[in-house]
Amino acid sequence: MLASSAKFVRDFGSVVHFAARTMLAAISARLILTAGRNVPSG
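Counted the way the numbering used here counts, the sequence shown spans residues 1 to 42.
What the hints contain is simulated information worked out from the structure, not anything from laboratory work.
Cβ coordinates follow ideal geometry from the N, Cα and C atoms, glycine included.
Each statement offered as a hint is correct.
Label-pair ranges, simulated between beta-carbon atoms: (1) G36 with S5: 44 to 52 Å; (2) F8 with P40: 51 to 59 Å; (3) P40 with S4: 55 to 63 Å; (4) F18 with V39: 29 to 37 Å; (5) L2 with I32: 43 to 51 Å; (6) V9 with L33: 30 to 38 Å; (7) G13 with R37: 31 to 39 Å; (8) P40 with A19: 32 to 40 Å; (9) K7 with R30: 30 to 38 Å.
With the hints as constraints, model all of the structure from the sequences given.
See the structure below:
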């Protein structure tokens, strides 16, 4: 019981970590793209 719940918590934590990292990467990429577009060239 305890071992299976610990495994579930660990798997859940890794999934949450992966989702958060993906979300952060998407947000930073969007910020970089918008910042690059707002910079006047020349």
